[in-house]
Amino acid sequence: MKISLTKKHYISIASVVVMLAIWQSAAFYFGSALIVPQPKDTFLTVFKLIGDLDFIQVVGATVLRGLFGFFISAVLGLFIGVLSGLRPNFNTFISPFLVTIRSVPVISLILLALIWFNPNVVPIFIAMLTMFPFICTNVADGIKSVDPNLIQMANFYRVDKRKILRCVYIPAIMPFIISGASSAMGIGWRAIIIGEVLSQPKYGIGTKMQTAQTYLNVEAVIAWTLIAIIISFAFEKIIRLYEKRVLKWRAQ
Amino acid sequence: MTKSKAGNLQMDSSQIESSKIDSSQMESSKINSSQMESSKIDRSHMGLQIKDLNKSFNGVTLFKDFNLSLAESTITCILGPSGCGKSTLLNIMGKVILPDSGSLIGFEDKIFSYIFQEPRLLPWKTVRDNIEFVLGGNMSPSQRRSEADRLIHKVQLEGFANYYPSQLSGGMRQRVSIARAFACHSDIILMDEPLNGLDASLKQNMIEWFSQIWKEDRRTVIFVTHNVDEAQLLGDEIIVLSNPPVQVVKRTLPSNVGLS
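Quick note, the sequences are listed as chains A and B, same order.
My numbering puts the first residue of the first sequence at 202, with every later residue one more than the last.
My numbering puts the first residue of the second sequence at 921, with every later residue one more than the last.
Excised from the complex, chain A in its bound form:
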């Protein structure tokens, strides 16, 4: 891969440098690792955590919960989104559900989920409920945006229904699914970690954060936060790469 730095890259780098400088000054001002640890020490902690025996299990558990929650909400969102895109009455019926799910504070969902489910399931449930409305709404919008002329063309040529779904509807809503997945993931990771903090499953970034916080280990809290950011960023990148590949017809 060829790396070429454009002006935009330089500006991004400058932005990161400024962030680190603010962090460093704060650490200097408070002068205590119990309040704001040094960036350098925090980064060292990140590496130390990565070297830990259970690191893979911890991160793996969180990532799996995320993917699992995402998968369920994608399947549900696709199904209900397609239906409400095609059937206005169903759309009217399902709208209050979506509005309600979206308006309920995440913490209420967690408190209830803690009563209903075991600690491993709580974060998945939360992730699913936070991601589902995004995907559902986007898919429905996508279906509504499908050019009726193309559908008519396919019908004129007697193309069978399954092929129309596969070759016309799905590609047409793909950009909507991807942008839905991107916003869903952004919200989803945060929701999962809150879920983990409160439900304390055996493995999970949230569990680790909660433990670190109990011991006033601010360095570890921030280090785990950085790891969470990296995970979220990595998934965003994957989605963007996929988008580039799937939507290459839009280039030009």
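Treat the hints with care, since some could be wrong.
To be verified - Capping the alpha-carbon separation at 27 angstroms, the derived lysine-lysine pairs in DSS-like fashion look like this:
| hint | chain 1 | residue 1 | chain 2 | residue 2 |
| --- | --- | --- | --- | --- |
| 1 | B | K984 | B | K1045 |
| 2 | B | K1123 | B | K984 |
| 3 | B | K1045 | A | K438 |
| 4 | B | K1030 | B | K984 |
| 5 | B | K1123 | B | K1045 |
| 6 | A | K403 | A | K249 |
| 7 | A | K364 | A | K345 |
| 8 | B | K1015 | B | K1170 |
| 9 | A | K362 | B | K1030 |
| 10 | B | K1135 | B | K1030 |
| 11 | B | K1170 | B | K971 |
| 12 | B | K1045 | B | K971 |
| 13 | A | K241 | A | K449 |
| 14 | A | K362 | B | K1170 |
| 15 | A | K364 | B | K1045 |
| 16 | B | K1135 | B | K1123 |
| 17 | A | K208 | A | K445 |
| 18 | A | K345 | B | K1045 |
| 19 | A | K209 | A | K449 |
| 20 | B | K1135 | B | K1074 |
| 21 | B | K1015 | A | K364 |
| 22 | A | K208 | A | K403 |
| 23 | A | K449 | B | K1045 |
| 24 | A | K362 | B | K984 |
| 25 | B | K1030 | A | K345 |
| 26 | B | K984 | B | K971 |
| 27 | A | K345 | A | K362 |
| 28 | B | K1030 | A | K364 |
| 29 | A | K438 | A | K449 |
| 30 | B | K1015 | B | K1030 |
| 31 | A | K445 | B | K1045 |
| 32 | B | K1074 | B | K1030 |
Unchecked claim - Reference listing, derived: stretches of chain A covered by chain B, where coverage requires no fewer than 3 residues with Cβ under 8 angstroms from a Cβ of chain B:
| hint | stretch |
| --- | --- |
| 33 | 310-323 |
| 34 | 367-379 |
No lab work stands behind these hints, which were simulated from the structure alone.
A quick note: this is a predicted structure, and the numbers were derived from the prediction, not measured.
In this text, a Cβ means the ideal position worked out from N, Cα and C, and glycines have one as well.
Place chain B on chain A using the hints.
Below, chain B alone, put in the same frame as chain A:
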């Protein structure tokens, strides 16, 4: 350049004309047009007939006891004012719209392909895949591919098989849609004002592409337009329709449309 093309075209239509003279005689003697068809091409043909067609749309009676017979293996232009129900007639023939009553004879087991006013290509499929999209499941993938490539060659878009529609000009896109219509092993090609919005020279080229490919298998073409020039250039026979409720004003050869 354009002149010589026009010259070719002139010649084409005059050839067709001479072979069509007996058609109008048949017409006037009220004999089914399919009989004269069989004398022209040695294929047995059933005539296409629309009988006692009735269709209302939003309270407007478009067709009232409408009758029309159409010749096979020729290009029939249906000429009429905008909004007279030409497209509806086309959709009824293609069995996409059901008539209120009436019967279509000879259309029963026909396969149709279409050329629309806009190319209607799938933007996420390449030129080749767009053509393959309409090819039925009775062809193997390799057959579909070679058929698509054959037609891409016919419309001279060889280098563009892997291009997406967004990378092509408007005229090239319409050529793809012509290739798609011919690639589909249809019996009848229905065309709904496919030349609208193209500039004069492009229109001329398009007509030339079309008639060249058409000559290979002389499929039945029903071409709807409100443009007299297009009808004259492309049609073997021109059927002029009135405003709704639609009646046939006249059927004629391209040379004597005689506009009212």
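Quick rundown of the hints versus the structure:
no. : hint                : result
1   : B/K984 <-> B/K1045  : violated (42 angstroms)
2   : B/K1123 <-> B/K984  : violated (34 angstroms)
3   : B/K1045 <-> A/K438  : holds (25 angstroms)
4   : B/K1030 <-> B/K984  : holds (25 angstroms)
5   : B/K1123 <-> B/K1045 : holds (25 angstroms)
6   : A/K403 <-> A/K249   : holds (20 angstroms)
7   : A/K364 <-> A/K345   : holds (19 angstroms)
8   : B/K1015 <-> B/K1170 : holds (25 angstroms)
9   : A/K362 <-> B/K1030  : holds (20 angstroms)
10  : B/K1135 <-> B/K1030 : holds (20 angstroms)
11  : B/K1170 <-> B/K971  : holds (17 angstroms)
12  : B/K1045 <-> B/K971  : violated (40 angstroms)
13  : A/K241 <-> A/K449   : violated (41 angstroms)
14  : A/K362 <-> B/K1170  : violated (41 angstroms)
15  : A/K364 <-> B/K1045  : holds (13 angstroms)
16  : B/K1135 <-> B/K1123 : holds (18 angstroms)
17  : A/K208 <-> A/K445   : holds (22 angstroms)
18  : A/K345 <-> B/K1045  : holds (20 angstroms)
19  : A/K209 <-> A/K449   : holds (23 angstroms)
20  : B/K1135 <-> B/K1074 : holds (12 angstroms)
21  : B/K1015 <-> A/K364  : holds (20 angstroms)
22  : A/K208 <-> A/K403   : violated (45 angstroms)
23  : A/K449 <-> B/K1045  : holds (10 angstroms)
24  : A/K362 <-> B/K984   : violated (34 angstroms)
25  : B/K1030 <-> A/K345  : violated (32 angstroms)
26  : B/K984 <-> B/K971   : holds (10 angstroms)
27  : A/K345 <-> A/K362   : holds (17 angstroms)
28  : B/K1030 <-> A/K364  : holds (21 angstroms)
29  : A/K438 <-> A/K449   : holds (16 angstroms)
30  : B/K1015 <-> B/K1030 : holds (10 angstroms)
31  : A/K445 <-> B/K1045  : holds (15 angstroms)
32  : B/K1074 <-> B/K1030 : holds (24 angstroms)
33  : 310-323             : violated (count 0)
34  : 367-379             : holds (count 5)
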